[in-house]
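**Student:** Starting from the structure of chain A, add chains B and C with the ligands where the hints point.
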Amino acid sequence: MTTITIENIKKSFGDADILKSVTLDIKDQEFTVLLGPSGCGKSTLLRIIAGLETQDSGVIKIGERDVSALPPRDRNVAMVFQNYAVFPHLTVFENIAFGLRMKKVSDDKIKHNVERTAELMHIEHLLSRYSGQLSGGQRQRVAVARALAVEPDVLLMDEPLSNLDALLRLQMRSELKNVLEESKTTTVYVTHDQVEAMSLADRIAVMNEGRIDQYDNPDEIYRNPATEYVGGFIGNPPMNFLTSPHWSNSAPDGAQKLGIRPEDFLVSMEDQVGYLPVQIQTIEKLGSHQQLTSELEGQGLRINIASELPVQQGGILFLQPKPEKMRWYDVRGEII
Amino acid sequence: MKMDTNNQRESEPTPDVVANYTSTKKVWRWLFISSAAFLIAWVLFPIYLLVVSALSSADVVNGWPKSFIPEFDLETMTFFMNYYGVLAALKNSLVAAAFTMIISIGLGTPAGYALARFDFWGKEAFRMIILLTRAFPMPLLALPLAVIFIQVGLDDTLFGLSLVHASLALPFAVLITASLFLGIPVELEEAAWVLGCNRWQAFYKVVMPLALPGLTASAVFAFVISWNEVFAAAVLTINNQTLTAFLVQSLSASPAEVKFAGGLILILPALLFLYVVRKYLFSMWGISNR
Amino acid sequence: MSKKAYPYVLIMPSVLFLLAFFVYPFLQVFAQAFTHSEGGLTIAHFETIFYDFNFLPSLKNTLLLALVVVPAQLCLAIGMALMISKMEKGRDTVLYVWTIPLGISDLAAGIIWLGLLDQNGFINSFLFHVGIIDEAQSWLNYQNPWAIFAAIVFAEIWRATAILLVILVSGIGLIPKEYYEAAEIFGANAWVRLWKVTLPLLRPSLQTALILRTLLAFEVFAVVMILGGSNMPVLMGEAYNWAFSYRDAGAAAAYAVVILVLSLLFTLFYLRVLRVPKEAQI
Ligand SMILES: Nc1ncnc2c1ncn2[C@@H]1O[C@H](COP(=O)(O)OP(=O)(O)OP(=O)(O)O)[C@@H](O)[C@H]1O
Ligand SMILES: [Mg+2]
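Residue numbers (this note's numbering), protein chains in the order written: chain A, 1216 to 1551; chain B, 6 to 295; chain C, -16 to 265.
Just so you know, not all the hints are guaranteed correct.
Stated by the list, open to error - Pairs of lysine to aspartate or glutamate, EDC-like flavour, derived with a Cα cap of 16 Å:
hint	chain 1	residue 1	chain 2	residue 2
1	B	K284	C	D75
2	C	K(-14)	B	D124
3	A	K1235	A	E1222
4	C	K(-13)	B	D64
5	A	K1242	A	D1431
The hints are simulated quantities; they were obtained by calculation from the structure and are not laboratory data.
Bound-form chain A, shown alone (with noise of 0.2 Å):
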């Protein structure tokens, strides 16, 4: 039993919060996305929970141990480090088996096993070669090894993809989904790619600022985002937010924003009862669908529509948006 329990981690650079009180349950065997904007703080708590920062206050457990206190060597966690971190004066054996001969496993069991997770990545035949003589998705392979091999308790991972090209990120995105799903290892993973985190992630914690906006699988983020922040962060395009439309009349008391994703409109090339009109400002074929920007009562918006209907650019379109879908947003911007 792994779980991670966060409660209240705060933590200032300077005069700069960086996270402002911190709260996250990561359940066991969970696979935890934090995706955030570029200096919201994932790494920062990331390397509050190796131990790598220090917290300047809440608590950090592992299970049931509380490890705040404890420097990274005793938490017996593993991580993957963005620039992969191997170690160039090693060979990619040693570099696996690195953490274990740190805790003095014997050598059978240690050879046992840097096979055993070589093989899981794929990468048995480069055993005996130095990382100066790998290519990057390779490198990555060994530090991933690396970390499963000394069997932690949590495994955290810092934008372990980024540094790869388009397609070979696509590649070891579903390898390593395959790999954590059978190596059942609690799994904390941060990125700022939100389709890597929506195709990772049993629950995805979006951050912004210094806080988690929201905690929650990847299909209820998508539909019921808590905060306007993170329905603006989320979908590509992301979610529209009209203020005070004074036509729909099914707003809650305290409604201030109404939230509607691009996809989320019935649309109609004529004039009928309960659309609105909207002028089309630009239209973008992407092949699947057309995205098209118009304008609603002097607010921008963004809609989806089938890639068949004839629309053109300063052309009227009548659009409901579906009921089912609307959300509402208070002056605070959280979901009411």
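**Tutor:** This is chains B and C with the ligands only, laid out in the frame that chain A set:
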């Protein structure tokens, strides 16, 4: 691109102009190569002549006119080695240089590591002091230290001398090791911490092997600083003279063989030194830009 | 031990060492230069050295040497550094050879040049072989102070240009190529690029190089001892004589103070003249 086509349209280059252009280019090239060759000869030829002298018989060394080709006679070298005081001086030089190496690397490496890996109050002040030591003729400090060493019983000892030499070498050691450690990604150390190392183990198992060539280079640098230093050695040693002190003090008295053979022995480490440090030459001095 | 203490523990040994062997003796130089043997302030040591017949010649020789050697070395080093930056093949080898003198002491350099310029030396031999002279000539004697001076200048240029070269080569390496390309597109030829791009951007390196080299020039000692002997007094040699031959620590310290003050003045001069405003650095 565009400019090229414009030029061509305006004046189609005649064969004459082209020939002219290529010939000036040739002249420049020739000038370039010959001046580079001249400068190489300028550096190497005097050293070659020293080798010629040191590897000649005593008659030739003291005779005239000289031949420009070495005889490969070991008489001069053997004479030098058997000359009274030379062996002791040679040994003293080695001992003082070894001490200097140990002190400056032993003290400088931790400081370099601190500069590379920590932000701390007073860091800039420390760096300034280190840089400041270079703006002073350090060997002069041997003068007051000669007096102080008499009071504390370090006068005429190799250890006392190597303290002075270490104060020359330490600032370099600090700056060189700092730049070395900066060049080793901190993630490598962090990875080691996460995998079960404490700070010392991570340094010893990961940083040290990676920094070793550079550390060797700065150790050799410290060695050469001490090996070459004349003034402090001459002021601080009397009975325990180093080779430089010995040579400079017996200059007028000693025969030519001793000078030339001694000169050759003196420059041998220089050649080795540059070979070892050539990769680090620029981080050594490059960092002095800021 | 708390984490905050680590860096202080790590620098403590060097700090203590520098306090003991740099700061303390540095203050002690002044103390010795300005006090009697019984204690109490005095300028007697300075009077001793100022009235010594060797003081003015040694000051003049030291300054003159620096004045001739340093600019010559600077021009040579800039030329060499530019050549290195233009070289494609053999760059490393050439650089290795050109920097060999970096590891050679001024004593060894003196011996090498003595072998060339001595009465029995190679230059005389060469002149004899080609038939210019008939018998060995003595160049380096008191009748030829200028020959001695020239010999020292050659030896110094031979030995100590390398340090400037290394600093300048690394400085040139810091200048982004785009500046040259931009200048070239705007029609600047090689000469203009040197004066308008390379040298201005090289100012911090030039400053470092000049300070270091000038201070080293004030410390010139062994070369002069070998090539000039007592015919060519210099400050450092006098300091050595007072300390070692005349056993007068006070006077030696006074010489040291003179050298320190000269060094300081020149450092300040360079810092001022070659000042690069922070905003204008690369
Ligand atoms: N050691 C430090 N000292 C001072 N400020 C720091 C330090 N480490 C991080 N910060 C600051 O904390 C903020 C958050 O940094 P962090 O590395 O956690 O961001 P991130 O979310 O991982 O961003 P990215 O996606 O770019 O990696 C940044 O503004 C950064 O400048
Ligand atoms: Mg990050």
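**Student:** Taking the hints in turn, state whether each one holds.
**Tutor:** Comparing the hints with the structure gives:
1. In summary, the hint linking K284 (chain B) to D75 (chain C) is supported, as the alpha carbons are separated by about 10 Å, within the 16 Å threshold.
2. Of the pairs offered as hints, the one joining K(-14) (chain C) and D124 (chain B) holds, with about 11 Å between alpha carbons and a cut-off of 16 Å not exceeded.
3. Note on K1235 (chain A) and E1222 (chain A): the hinted pairing holds, with a Cα-Cα distance of about 11 Å set against a maximum of 16 Å.
4. Only pairs whose Cα atoms come within 16 Å are accepted, and K(-13) (chain C) paired with D64 (chain B) is rejected, the gap being roughly 68 Å.
5. Restraint check for K1242 (chain A) and D1431 (chain A): the C-alpha separation of about 12 Å stays at or below 16 Å, so the hint holds.
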